[in-house]
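Can you build the whole structure from these sequences, using the hints too?
Chains as they are written, first to last, in the working numbering: chain A, 1207 to 1353; chain B, 691 to 1208.
FYI, nobody ran anything at the bench for these hints, they're computed from the structure. We treat Cβ as the ideally placed atom computed from N, Cα and C, and that holds for glycine. Don't take every hint at face value.
Within a straight-line C-alpha distance of at most 20 Å, the following computed SDA-like cross-link-like pairs (lysine to any residue) qualify [as the list claims (entries may be wrong)]:
(1) A:K1300 <-> B:S976
(2) A:K1300 <-> A:H1274
(3) A:K1351 <-> B:H1121
(4) B:K1123 <-> A:V1348
Reference listing, derived: stretches of chain B covered by chain A, where coverage requires no fewer than 3 residues with Cβ under 8 Å from a Cβ of chain A [what the hints assert, rightly or not]:
(5) 886-900
(6) 910-920
(7) 952-964
(8) 977-983
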Amino acid sequence: MKRIFLFLLFCLLPLMAWATPEKPGIGVETEFPMKGQPVQIFVSHATWQRLEEFQFSVTYRPNSMVSHTQELGHPDPNGYLTWTPADAGVTILKATIPGSKEKDLTITKQLSVRYGQFPLLGILIFLLAAFTLFGGLAWTVVRSKPA
Amino acid sequence: MAATERGQWQSRLGFIMAAAGSAIGLGNIVFFGANAYKYGAGAFYLPYLIALFCVGIPVMVLELGLGSMTRRAFPPSLHRIAGRFGEFWGWFSLLSATLITMYYITILAWCLGMLLGALGPLWQPEQHLTAFKEIGTLPNPTGYFFEMISQWSTVLFVVIIWAANLFVISRGVQTIEWVNKIFLPLMWVFMGLLILRGITLPNGLEGLYLLFTPNFEVMSNIEVWKGAFSQIFFTLSLGFGIMTAYASYLPKDADQVSNPLIISFMNCGFEFIAGIAIFTMLFSFSIVPKASTLSMTFFVIPEGIARMPGGSLMVQAFGVLFFVLLLLAGITSSVSLVEGLASALIDKFESSRRALVGVFATAGCLGSVAFALPLVVDPGLASNGTLGLTLIDLVDHWAFGYGLLIGGLMECILVGWFFGADKLRAHINQHAKIPLPPFFDILIKWVIPAVLLFIIGSSAWQELKGIYGHDFTIVGLQPWLPWVCFAVFALGGILLALLLTFARDYHHPHSHEEELAQ
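And the structure:
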């Protein structure tokens, strides 16, 4: 009897390990969402209880002076939420259960949001800087050549 | 001593390569782009370019003009124009630069350690930490870095980097020229390869947009302007006394308007393209940049390289390429830092180069070893982890944040108010193909001292609210240690500078006016 019990336990161990709830993560419908276009984000572990209690937020351009955070609200009971990125660049998506002191109930994901359209001002600044630095270099070299 | 005894550059190109190699360092590769991102991306470029023309190029002209006019290193040059008072500030700047040299070489030693790791173990998913027992394991490359700096083998790397510097410096300026003529083009080629890889990554080009698309809201924030002016000062290696030392090996009729223009544009051009290489990769792999040279060098960028497509061989190849690039850029800069002090000591004591460099390198190597000490002070890794890294944090704060700016401020005051910016301009314009406008005098006398005073003053004001400002804490550190570092930096610097100033009189075969008129 004892042997049978041990055998059953041995067989069940891998199943128990399989069934251990893994830490949830944040999933995104597309790898590179686009500014202004809605995208589905979700808590990736479907077996996690109380998915709708998660509170989503996004921080645009973290670690910069123009960093700002936007609260996105709660997902549906399946863990899904539609998000329309308000800004392009590197972002951090965060999902927490408010009031929870458990560390594993805050999950984050770094995500790049595409610009969608050609950022004219950005290209102008790129050209201005390139022209000033490399144009200035070329101009000086030409002007300082021995006669 | 005649110029030929001190050594002389073999060609103008060699001098430009060496000076540009000095200016282009680790900060250009990893820090500039991260700084631009921090201060509003594209919007940062406008104050940056204004700072380049209003502070960077004029101070570069001043330092090079001073060197070619007096054909002496930094302290004796300032002695020529303002006596012992000037010389004292020259030594003070050089001593700050020496402290920076010590930990800069430690950082290069860590780059060497990471380069060895890039051949394989650095790219393993995680690292078991033997010294940080509270942590256990950490994901790489962060884990590999902390495991490396907690081992005594880093001391060996420090010795290797110092030996490389000693080898170049002891052979004189012609070897410095030769090394830079090889290393500098190699750096551009390696950077080109990184850019090519970056823009061909999925959505890599969008990283370019991230770096350049402006957010003009920040333009009214004084911190952005302060960041831009500090960035220009540091990136061009101003206030170190290096440029004066390098220019002292030029003939007196060197064109000291076009030379500083070329060096400044080359340096800023390099960091401009380095930003592109780094940001294309960060965007493609969704990695958040950090405005810290060490974090970018050892954690953020290697994390991006680890995710490169093409298999482990490709990751290893680009990892090796990145760390070799850092070592090339770092060694050309560290050589110039050591040469700045070596040339000043040679001018002062008129002793042989090899003997003085040997003594200085031994002392410098011991300093670098102190910054590499692998003793764990923070086993939970909530902060810097080891004693060496903590010391770097403290010394960098005072020597880099204040020492160089004070040196730069004083050289502008000494030239502008004691010697006369118009006299220096007249000397420079004798041999310049692009003459300096009279506006140069106003910049040196008024504008640049005002800007530097503001930066130093506002930083000091922050210290009054709590050392390092509000949000800076170092775990595992006694609260009095930052103030001890401040005392060592301030009092030690002043005492040593006084000692060097009064140690010996310069032997001048001609009077001050005669020499300047020659």
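Against the structure, the hints:
Straight-line distance between C-alpha atoms of A:K1300 and B:S976 comes to about 14 Å, which keeps the hinted pair within the 20 Å bound. Restraint check for A:K1300 and A:H1274: the C-alpha separation of about 13 Å stays at or below 20 Å, so the hint holds. Between A:K1351 and B:H1121 the alpha-carbon distance is near 13 Å, which keeps this suggested pair within the 20 Å criterion. The straight-line distance between the Cα atoms of B:K1123 and A:V1348 is roughly 11 Å, inside the 20 Å bound, and the hint therefore holds.
Taking a C-beta to C-beta cut-off of 8 Å, the region 886-900 of chain B contributes 6 residues in contact with chain A, enough for the three needed, and the coverage statement holds. Figure legend: the region 910-920 of chain B, annotated as covered by chain A; annotation consistent (3 residues with Cβ-Cβ distances under 8 Å, at least 3 required). A stretch counts as covered by a chain when three or more of its residues have a beta carbon under 8 Å from one of that chain; for the region 952-964 of chain B and chain A the count is 6, and the coverage holds. For the region 977-983 of chain B, the stated coverage by chain A holds: 5 residues have a C-beta nearer than 8 Å to a C-beta of that chain, and at least 3 were required.
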